[in-house]
Amino acid sequence: MTANETIHPTAPAPEIDASCRLPLLALLVGASVWLVVGTVLALIASIKFHAPEFLAACPLLTYGRVVAAANDALVYGFCLPASLAVIIWVFARLSQTVYTLPLVPVVAAHIWHLGVFIGLLSILLGHSTGFTWLEFPRGGSILLFVAFVLIAIPTAASFGFRLEKDLYPSHWFLLAALLWFPWSYASANIFLVAMPVRGVAQGVVNLWFANNLLYVWFSLVGLGIGFYFLPKLTGRPLQTYYYALYVFWTLALFGTWCGLPQGSPFPAWITTLSSVAAVLLIVPLIGVTVVFGRSLGGPGSDGPMGGPLSFVKFGLVSFLLSTLMYIALACPQISRLLEFTWFGVAQSQLQILGFLAMVLFGAIYYILPRALGFDFIAPQFIRAHCFLAGLGVVFWVAPLALAGYAQGANAYSLDASLNWLRISTLGLGFILLGNLLFALNILAMFLTWKLNLVKTLFAAITAPLKVSEVKS
Amino acid sequence: MSADIKSSLPKPPSDPRPEAVRTTLPIWIIVLTLMLLFLGGLYFDNHSGWFQTQVYGPYASVDQLELYQPKSGAAAELARGKVVYEQVCGLCHGADGLGKPGQAPPLAGSEWVMAKGYNRLAHIPLAGLSGNISVAGKDWNMGMAAMGAALPDADLAAVLTYIRTSWGNGASPVPMEDVTKVRAGLGARPQPMSHDMLMTMPE
Chain G
18 MTANETIHPT APAPEIDASC RLPLLALLVG ASVWLVVGTV LALIASIKFH APEFLAACPL
78 LTYGRVVAAA NDALVYGFCL PASLAVIIWV FARLSQTVYT LPLVPVVAAH IWHLGVFIGL
138 LSILLGHSTG FTWLEFPRGG SILLFVAFVL IAIPTAASFG FRLEKDLYPS HWFLLAALLW
198 FPWSYASANI FLVAMPVRGV AQGVVNLWFA NNLLYVWFSL VGLGIGFYFL PKLTGRPLQT
258 YYYALYVFWT LALFGTWCGL PQGSPFPAWI TTLSSVAAVL LIVPLIGVTV VFGRSLGGPG
318 SDGPMGGPLS FVKFGLVSFL LSTLMYIALA CPQISRLLEF TWFGVAQSQL QILGFLAMVL
378 FGAIYYILPR ALGFDFIAPQ FIRAHCFLAG LGVVFWVAPL ALAGYAQGAN AYSLDASLNW
438 LRISTLGLGF ILLGNLLFAL NILAMFLTWK LNLVKTLFAA ITAPLKVSEV KS
Chain V
2 MSADIKSSLP KPPSDPRPEA VRTTLPIWII VLTLMLLFLG GLYFDNHSGW FQTQVYGPYA
62 SVDQLELYQP KSGAAAELAR GKVVYEQVCG LCHGADGLGK PGQAPPLAGS EWVMAKGYNR
122 LAHIPLAGLS GNISVAGKDW NMGMAAMGAA LPDADLAAVL TYIRTSWGNG ASPVPMEDVT
182 KVRAGLGARP QPMSHDMLMT MPE
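Those sequence lines, one after another, are chains G and V. This note's numbering applies: residue 18 is where the first sequence begins, and numbers increase by one. This note's numbering applies: residue 2 is where the second sequence begins, and numbers increase by one.
Chain V extracted, bound-state conformation (with noise of 0.2 Å):
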């Protein structure tokens, strides 16, 4: 075949295989990739969580993680107590547990509220209230009906502490379990509690 290319493409003097310069890599850029991957290493270091697969940006660490996460435990429990009361409780017994006049009693310093066992302020969502009961000083006579009993047990657990815990009522919380225990002692379709029931049972 011909060698003669007329071409009118710019072509080096010669077709040469191309050379390369042979100097050694000078120390810097040696030097200059540890420094970046030291650098690099401390920023890994600070931010990925060092594998922690439940760890996602923009997180940095587990600490981090429980730091800003929503809470579990007492908080959670609390936050959990706030919203089922509000939506159940408060109608009635006010988003502030002072209760509304002709409609029901304060819960913001009522003894039942914060007695020192919850044995019979469990019974009373439970199964409902009626008849005469005094609460802070004040005599009622209406009833209510068993507004808890429809509640699964860890969020009518959660509503009693908080109603024990909030508006400065401060008694202890309620576990779940004694909700439990409470309830499968009162049967299906239990009556409704009164003043004089109440008292015959522990705190």
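For reference, chain G alone in the conformation it holds in the complex (with noise of 0.2 Å):
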């Protein structure tokens, strides 16, 4: 590294943070909106799945077009803005250059943000595409692909301009995520909304995306940023780069071919094949276990509970239970009592609310200071948030795996899961609650920025001339 410094003097860390702020605030701003808006809309799906009479009068509300927007807005409108925002990071701090052409994340933002609400609006109205994990119609989807790739190629830039040579896993992870999204996506979309493939073979797609978007690329983005984070919070080095390079190669290679279901009606080869590479997901996650549980070993400190490191840790232990339940939901025996119920759906909530998400908020609770340099407003919220959403994602989504077991366990009856989902509900105001708490904080930093911003032009403008600068 000195050798290196001598070569090319490598930014000092505030310099690449700050390089960082305009695409972060850009981000998260609007992230953190869609966040509040996402989790709103799932606690009425919820309430309505058992009182059905709450809201009904309301034709935008109803059941089916709630969930997918409240699954839509927690997806597309706050996992990957804030994940891009933190890849942006993250890819800066490791290749120590400040971050090249700030302003075209600022842009792309904006398209993103826009792609989100006339996609969530289009579901609202009723005119989603009817593809589970693809609603949006062209309209929102095509400005997120080119939003997406916007933001890609600088990032992607910043990894090949940088100074520090050597590679970390968390490379290997996001760069691939990098890729992964906009292939996955415009493949899916091409193939389903633009020119739709026949039968047997839309449910295919469709099936595949959705593992891929939520599986695959949620792995590589949370296990990239939590790779990342873990050893710089505690301290302690990652144990070790060949162990998280194995996680990488095998979860990209087993990962993209699962999720369709045993009982799905494709010829019976493409749903074994989809299982064999479910259970071949052991792999990539005794890898984890064990980089999670070796890289927390060891002398360090591990901060107070409920800081950033709280929601790593959380995140990563959610990890593991959620592809624990993947693997699970592919061997024959259990799957013919889970298969299609709400133990699925537990699953994927697990995978977005208890992982990924809570991944990038100890992220961003480490970055979003640092990238402005001043503290959040309130961050007593902090530990908060992370009591409540550590509390609310157990309330959400064990009831939830619950409710799947009673429902495969008397023959898919609802009647025998809908005290679970009553419980369920409560988890998910608990979640509220915490990203309430997040939203708040971030909105406040933005609007003191905002107010600097303001006050020192204004200071700038009505600031008497020195006497030197008239002189010369």
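Careful, some of the hints might be misleading.
Looking from chain G toward chain V, a few residues come up when the C-beta cut is under 7 Å (computed) [claimed, not checked]:
| id | residue |
| --- | --- |
| 1 | 186 |
| 2 | 279 |
| 3 | 300 |
Within a straight-line C-alpha distance of at most 20 Å, the following computed SDA-like cross-link-like pairs (lysine to any residue) qualify [said to hold, decoys possible]:
| id | chain 1 | residue 1 | chain 2 | residue 2 |
| --- | --- | --- | --- | --- |
| 4 | V | 139 | V | 168 |
| 5 | G | 182 | V | 22 |
| 6 | V | 101 | V | 131 |
| 7 | G | 182 | V | 20 |
| 8 | G | 182 | V | 23 |
Hint data in this document are derived by calculation from the structure and do not stem from the laboratory. The beta carbon of each residue, even a glycine, is placed where N, CA and C say it ideally should be.
Both chains are sitting in their own frames, so use the hints and assemble them into the complex.
Here's what the structure looks like:
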């Protein structure tokens, strides 16, 4: 490193952080709004399921529309832009260079949020495409695609211009994620919406995409970010580089094939291949367990409870559990019982709210004060958020999984699962409270920054000229 | 800009680039992967139907499909014949083929049904039957309308096959083409058959 510094003076951390400031704000402010919108919609959907008379008069809020809008707001509104923001910062820090072209992602972030707005509105108005996780009609999905590419290019370029040549495991995960999403999102939209394939192939493409987004992409991003922050926040090195790399390759190799349930109406070879691939996920699962367990041991500091590290740890444990559930769903004995029940919903919600969102919260709480140069307005909210989110995820996901079991064990009867679903609503309520605290902190920070900007500008205009300047 | 962040967040002593230990991967995890791949291959071999697109779960191979799927060929023909018989002929001749006193003569054990050829037999439902006829040693003098005239050839062939091979009747099946031929030979509005007319034609 010292030899490196003499050749290319690497930028100091505060300068790198400042160069990411505008893209981070543009992505995260919108994302935190969508996070709250998505959780509110999810709460409405959850209540409607066991109390159908709730908001029954409003056609915009029919159950089917609200569920789709809630999921898309959480995934496309929050998870994706927040991931991109964190990736931008992590890449700049890993490369030890200031972020070039920060205005491109700023423009792209606005395009992205516009796309989400159009997409969500179309769903609520009843113009969804009807494909799970691809409900946004053409107007919205094209904007998302363009915005993602616009962000991915300068971010990948900042990897290319890196001054620190040594690769870190997160590079692999996050670079793959930058390529993975545009590829799978474009393919799925082309084959389902633009030039639809027919019959069996439609279902296959849809489920393939859902798996590639929620399982593969989420895992790449969540693990990439988690593997960056785990050693950073504990002060212990990641154990080990090659385990992490092995996780990357096995995840990319086996992960893409999963997600086609055994009972789905596709030729046996497709569903069999998918289950075999899912069981092979045991390998990356073991890999992450080893990395996680070994990197936590040894001397170092864990920081206080409820800080960024707690979020990241919670997220990684959720990843282990959700992968275990995913594998279980692929085993014939278990899938016969749990397939197409609430259990699958529990798994995907754990992946979204328990895993990726938590890792992102931890990262954002760490990054944002550094990028802006001042602390959160209400730092005590962070601990409260951590507590509420942890409690919320447990009370949201566990009852859903039990509801799935009750359903499967009682011949798909919904009555058996209703009480569990009522409890899950409570969990979602906790999550909503936590998310509100998060959004408040982000928005307050954004407003303070804006205010400071106006103040400096005003001061610059009204300041009397210095005597020295008048003379020259 | 000021590097001074008065953050209350847990801040590591410094803010370093994270490091990763670079010890080589232990061999056991690679062995485990290969073992799982091998087992996965075996499972795929047993359950996938080897890329045959007509094999859907829960079936695992073309052989299983043939074992459990409804048959085609002779068995399917019989099943079809039974259905048509019970709907069209069974009312008079009885589901058991024993006939009903005062309604219709038996088909089980009837020499007309079990004859070596089925030419005469095929004429009866296509054209109808009237007058004196002896069935299994008993005389009947009634009439039967052309009960099979409205049936498609395939259905009629299946019914005839069914009555020739059921209830202990051990005669040969009736192919559809022969029913087509008989129907063509009869013309549009055939006269009902009588015992004498039947006896003039080949068996």
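What are the numbers of the hints the structure violates, in ascending order? Result: no hint breaks.
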